[in-house]
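Engineer: Residues per chain, in single letters:
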Amino acid sequence: MIPLAQLTTSDPRLQALSMTASDLPLAGGPGPRGLYVHVPFCVHKCHYCDFYSLVETGPDSRRPAFTDRLIEEIRAAAPRVPCPLQTIFVGGGTPTLLEPGLWARLLAAIRTHLPLAPGLEFTVEANPDSLEPELLDVLVRGGVNRLSIGAQSFNPRLLATLERRHDPANVRRAVGLARAAGITNVNLDLIFGIPGQDLDTWLADLDEAVSLEPLHLSCYSLMYEPNTPLTARMRSGAIRRVDEEVEAAMYEATIDRLHEAGFEHYEISSWARPGRACAHNLLYWRNESWWPLGPGAAGHVEGIRWKNVPRLGDYLRVGPLPPITDVEQLDEDGTVGEILMLGLRLTEGIGEAQLRTLLARGRRGPQRASAIEQQVAAGLLARRDGFLRFTRAGLLLADTVLAEVL
Amino acid sequence: MHVRNFSIIAHIDHGKSTLADRLLQFTKAVSERDARDQLLDTMDLERERGITIKASAVTIHHTWQGEDYQLNFIDTPGHVDFAYEVSRALTACEGAILVVDATQGVEAQTVANAYLAVENDLELIPVVNKIDLPTARPQEVAMEIEQVLGLPAEECLYCSAKTGEGVAELLDRICERLPPPAPPETDKTRALIFDSRYDDYRGVIVYCRVFDGALRVGDRIRMLGTGRHYTITELGRHTPTPTRVDELVHAEVGYLVASIRALEDVRVGDTITLDTDPADKPLPGYREPKQMVFCEFYPATTTGDSGRKGEFETLRDAIEKLRLNDASFVFDATHSEALGFGFRCGFLGLLHMEIIQQRLEREGGVEIVQTAPTVSYQIVLRDGSVKEIHNPADLPDPSTIESVREPLVKLEIICPTENIGDLMKLCDGRRGTYKGQRFISQTRQMLDFELPLAEIIYDFHDKLKSITRGYGTMDYEIIGYHADKLVKVDILVNEVAVEAMSLICHRQAAEKRSRAILQTLRKQIARHQFEIPLQAAIGGKIIARETIKAVRKNVTAKCYGGDVTRKRKLLEKQKKGKKRMKMVGSVSIPQEAFLAVLTTEQ
Ligand SMILES: Nc1nc2c(ncn2[C@@H]2O[C@H](COP(=O)(O)OP(=O)(O)O)[C@@H](O)[C@H]2O)c(=O)[nH]1
Ligand code: SF4
Ligand SMILES: [Mg+2]
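Heads up: the protein sequence lines correspond to chains A and B, in order.
Per this note's numbering, the very first residue in the first sequence carries number 1; after that it's consecutive.
Per this note's numbering, the very first residue in the second sequence carries number 407; after that it's consecutive.
Hints were generated in silico from the structure; no laboratory data involved.
Mixed in with the good hints there might be a few duds.
Unchecked claim - Once the Cα atoms are required to be at most 30 Å apart in a straight line, the calculated DSSO-like pairs of lysine-lysine come out as: (1) K816/B with K869/B; (2) K979/B with K45/A; (3) K918/B with K955/B; (4) K955/B with K831/B; (5) K841/B with K871/B; (6) K975/B with K45/A.
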């Protein structure tokens, strides 16, 4: 067998091998603590989106076939998940596009085949337009206890700029329905830096979101991903990117406003009421293990990262574990780099003791240590209370800093 | 036997090569079956671009009024960058066929080439070609020829190189009209070298025309210009396949092989004489080739730094190999902080530069990064001496400079009458002096200007073409050097002068040009954690300024659904990109920025 470290997408042998997840070595440790499920359907493709999702709305949609296949995959993955799962996150795509009947079967399969921890955090991403009482009922009964609603903005004009098609009024309705169904742990996703948005319109969006009393808020600055219509429109001059100064002001204002509103800023773009940080997200930032299900889902188990091939056709055809790509097993230095890259995103930072251990690993330790000192000297990183963490100026330049210490 | 030596001259694409083929076919030199299109243009590139780069000579026979005529057809390069080579080839002839396209009419190169022929005392036979085309207007074009060149319209021959119509008459006309070669001037042997090319097996093949005496296989010869000696091992003529002969006598044209190793050992225009009985005076008109346009070639950057050296060597091999075939371009190894190892090359003109670049890429298999062309400057120093430079970095201390001179050209433009105003404006903006205007036809005029070569080497031709929607043509000739207010502009990034970005330009254009460069730079250099001033300065005085603001925000706020690998790769790319940049002080400048500056539009 070819060592995993040598397999990447660019490696032609991978194509030839057409590896599936069953070729991955078995975990030596406790295995995954989380589960990520990718549902690749949307009613419409938003212009900024580079997630894997398909617009399939007609009667011949492959949603039922997908669900069947997903259940098969769950069964096959079960031996790879020996310990109880602490978190499940169903994202997409638009998971709420699956009909209640399909959801019921999916949830039943999860409960039947996978070990679940008592305090399981079970999140489903929801589109404000497709969250109905009937579906909520199925979700709650199936164990879902957290909803992440893609609000993005409450301003119809800005939603139109993003080609994001939902009625902003439905966000309030969705939050209400979730509460009525017994789900109080709600996250709202918001985007700032949308062309045409200024600081005031952004703060209006933020205030509106806060007024809905979510327990968690994710505020992302708009990204211009390659090969998206949004980027093409920006390049052609049809829309103008918000000025960097304005984006910076928006981000800083968000930090202040949410602090006043009683939210804890625990990760670069995540805020939560005390004790309500997203356990699944923390798993990512702490470099822990989770198993991926569904086409396009990325996973990580004990140092090996991979991605299920983002093609529904292949997913439906090849099984029971899906075809995978981008398989990677980092060396010591790569691993340390990733741990730093991920861990520093948390505002608490990385404990000095852990940092010392990390810097003792691999060959680039001394180099990294000096890069870190440079960033401390530049005022972008700080050492406080036994932790190395970003300063506020550092948060704004996080990518610059992380690239240096990587 | 009668001998007639002639050339065909034409504006590009008017049908010179096609007509030459037709002549060969008519005289049965080439059979119908063998007739490849455009037999005389041998190189791929010529075939593709339709430009005849290297001259060669072909001997054909024609019977006129019952007598045999040996017709030596000497092909000339089709562009004025090779004006000197063209003029040498014309010197070897007594007459020329002036071909004009019946649909296009007289163009700039028609005029320039016709003038060259007249200067060389050649008899001209005007031919209007492509009369088979439905849009042909032969009579009008004949009138244009009369109008511009004074060749009577009624003497024009009408022909189609495509169908062969009129070609038989043309052959007769050559025998009838062109003068026979003049009798020898001395009894010593003198032959003019009008072309040479390199052959992997035999070394240099010299094309020459014997004016006096004769050359024989075994003769010990001497080049009067270079003083070099050789022994003739082979003489011959192209018919068009090479055919060996024992001697080339008075008035004949052919080739010569003499174990000459490198093209640079042979100079076009030089005189061959016999070493045992040398002529004391060379044939007139010999000149060293002079490079007027310069630019730098670098191997195109690839990903890794390690591959870099190897690419440089590939480029060097390609350049050296090409130089075997073209002694008129020069090169020197150079090193740019930004672009690595490369070559500074000099060319006869713009087209010459373009051809070399393409041949390097095609024949040498190297991808090239080319900097914007510059011209050669003459620096007159206070002590009276003159220094020639073609790189702004080589400018001496300004306090020692009396004046800076730049090459001046005579420019002829033929254009539709309605574009005259815009072209006047264009030339005016390029420091041009209007010299005159001439009527060609109801709809077209010829304009004469003098302007600095530096003003036309970059995008002038493109501008001309766009103003005239493709109908305008131009031609230029270098007429000398003249002094102007030329200054060196330094570009400073964060207060540090970047030598590789400095330039020489006219004082009056300096602000505008500097601003354009700084704006380009501003887009090319990424924001840093601090503000970066960009400045242009003449002798320490700031004439333009831009600022790159400090970076305020660089954070990806999304976690890509746990796609950590992708996130890491993006950061790695950011970091790697930075590594490949050139540090100037504390500023990282991408390679592309250097290139962008070197190619910023004037
Ligand atoms: N219809 C037509 N086309 C011609 C004639 N002579 C040349 N051409 C075409 O005009 C183009 C340029 O001809 P070429 O001989 O390469 O021109 P050169 O650049 O002067 O050597 C080619 O496509 C020829 O086929 C002609 O008499 N009639
Ligand atoms: S709903 Fe989400 S996954 Fe679907 S297109 Fe929009 S952004 Fe992409
Ligand atoms: Mg030709």
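Engineer: Hint by hint, which ones does this structure get wrong, listed from lowest number up?
Structural biologist: 4
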